[in-house]
Amino acid sequence: MTARTDPQLFDPTRWEGLLADVARRHEVPGIVAGVLHVDPVSDAEQRFVAATGISNLRTEVGTDRTTLCQIGSITKLLTSTMIMQLVDEGKLSLDTPVSEILPDLSFAELDPAELTVEHLLTHTSGLDGDLFTDTGRGDDCVEKYVATLSEAKSLFSPGTGFSYCNSGFVIAGRIIEVLDEVSWDRALNIRICQRLGNEHMFTLAEDIMSHRHQHGHVAVPGTDTWMPAPVSQITRSMGPAGLVTCSTDDLLGFGAAVLRSGRTSTGVPILSQDSLRLMSEPRHTLIDQAASTAPQWGLGWMIDEWEGQKLQWHGGTTIGNNAWFQVLPASGLAFVVFCNGGVAAHAAAEIYGAFARTFAGIDAPPATRPRSDRPAAAIPESRLGDYADASTALTVLRTDDGTYRARIRSSLGEGDEAPVQTMDLHPSGNEAFVLGRPDARSAWMPMAFAEVDGRDVAYVGIRCLPRAEAGPDSTDTESADAPVSGDDA
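Using the UniProt record's numbering, you'd call the opening residue of the sequence shown number 1 and step up by one each time.
It should be emphasised that the hints constitute simulated quantities derived from the structure, not laboratory data.
For each residue, glycine too, the CB sits at the ideal point set by N, CA and C.
A portion of the hints provided could be inaccurate.
[As the list claims (entries may be wrong)] Just the calculated beta-carbon pair ranges, DEER-fashion: (1) T160 with E307: 29 to 37 angstroms; (2) D139 with D224: 53 to 61 angstroms; (3) S265 with A378: 47 to 55 angstroms; (4) A20 with G138: 36 to 44 angstroms; (5) P366 with D288: 13 to 21 angstroms; (6) M209 with R4: 35 to 43 angstroms; (7) Q273 with P380: 45 to 53 angstroms; (8) D456 with R4: 25 to 33 angstroms; (9) R25 with E307: 36 to 44 angstroms; (10) E307 with E206: 40 to 48 angstroms; (11) P380 with G429: 15 to 23 angstroms; (12) A376 with D21: 28 to 36 angstroms; (13) G461 with D373: 20 to 28 angstroms; (14) R25 with D88: 29 to 37 angstroms.
Model the full structure from these sequences, guided by the hints.
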């Protein structure tokens, strides 16, 4: 498939008006975005990076094309690549039990011998995934974090289900540390940054702060304003799952190596063609209820299609920051979008949608929204009730007028003070999901219900929450005129 490669299309100034308009309409303080094309025949490369807005509303520093951005969970692609480099080197395989490399590893409910490297990279380990335990800033923080997982419970047996798992990727990072005998951060620099020639890919705040960088922004409760997030980064112990900050050009450079079958433009090998192919092949097909983001998962990559073209991609969310990294191999294209606040999901969908139309001649799916032809969601009585993992508690109930509502508290390391959000549930275009959002300034959140490994579960996005064993009886009705957002615990 031929991409559109008119040099004028790669002029960043033609895109900055679109970014400014999108940022204004979706209340995003700052956006950085870029496109890269690698011609499969000539190997010629074209790219641009465009920017608009403010990096930090407190300092009023503007966003430009060199601004560093938090890539969040796109970091998982880097960690997965490093694991596959170790596979290429014969130091492990996807079937290697994690306990062979980490003999001291223990969990509350799982025999580590049942857990393989592939389970970690495909989010099929069943481990409770959002344990954001801060184990300090030292080079031993990942090792200390993995030791805390002795208390981690399981959502399902390995390989029997799917649930997005940050904890599993920290374990993968620890495997890299043990086999390379350096910290994960140092291994990232040696294995990825030095090979790609990346000069602006960092994990530590002291390295980031000497460059222009985006700070995340969050909504001020009860107002129409945004403020800088109270925390600039996630904890270092979660590094292999989501700590990297880098330039758009550096992330596009990683995309170029993916499009060049695992090599840089100068021929430096990043990954073997076989491992690169394995990473982008479907390894796990999600049940419909878990597939709100993508129908299949590779090794680190989400796998989907846009109008018949294969899409491999990953997103990233940190504190007030959102990122998207998408590769269309058949067209030789890679897209990057960074937003530091606002209704980022809707803003990004417009931007990468414009990229797909312009450069690949296809339409990307729009941001998720409820169906307009059906007034209310339909949820079986048996699915009402309480669901929870270590960081998220969900209650699904019926109101007295027969509609449905959810109450959700997701701390993700914020502790018991995280607010409860209440949202009405609406039908979506996919019969497997219902949609909710706490207010009109938030993106729609998909929820679904299923049985996994013999347990009733609710999916909130791509996270699996088992039915809680105890809690308030949530099958009772609730007044339909109760508040739909706020701290109504």
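We went through each hint and held it up to the structure:
1. T160 with E307: 29 to 37 angstroms: Because 33 angstroms falls inside the window, the suggested range holds.
2. D139 with D224: 53 to 61 angstroms: violated (43 angstroms)
3. S265 with A378: 47 to 55 angstroms: holds (53 angstroms)
4. A20 with G138: 36 to 44 angstroms: holds (42 angstroms)
5. P366 with D288: 13 to 21 angstroms: 20 angstroms Cβ-Cβ, so the 13 to 21 angstroms window holds.
6. M209 with R4: 35 to 43 angstroms: holds (39 angstroms)
7. Q273 with P380: 45 to 53 angstroms: Holds: the Cβ-Cβ distance is about 47 angstroms, inside 45 to 53 angstroms.
8. D456 with R4: 25 to 33 angstroms: violated (48 angstroms)
9. R25 with E307: 36 to 44 angstroms: Since the Cβ atoms of R25 and E307 sit about 25 angstroms apart, the hinted range of 36 to 44 angstroms is violated.
10. E307 with E206: 40 to 48 angstroms: holds (45 angstroms)
11. P380 with G429: 15 to 23 angstroms: holds (20 angstroms)
12. A376 with D21: 28 to 36 angstroms: holds (34 angstroms)
13. G461 with D373: 20 to 28 angstroms: holds (24 angstroms)
14. R25 with D88: 29 to 37 angstroms: violated (45 angstroms)
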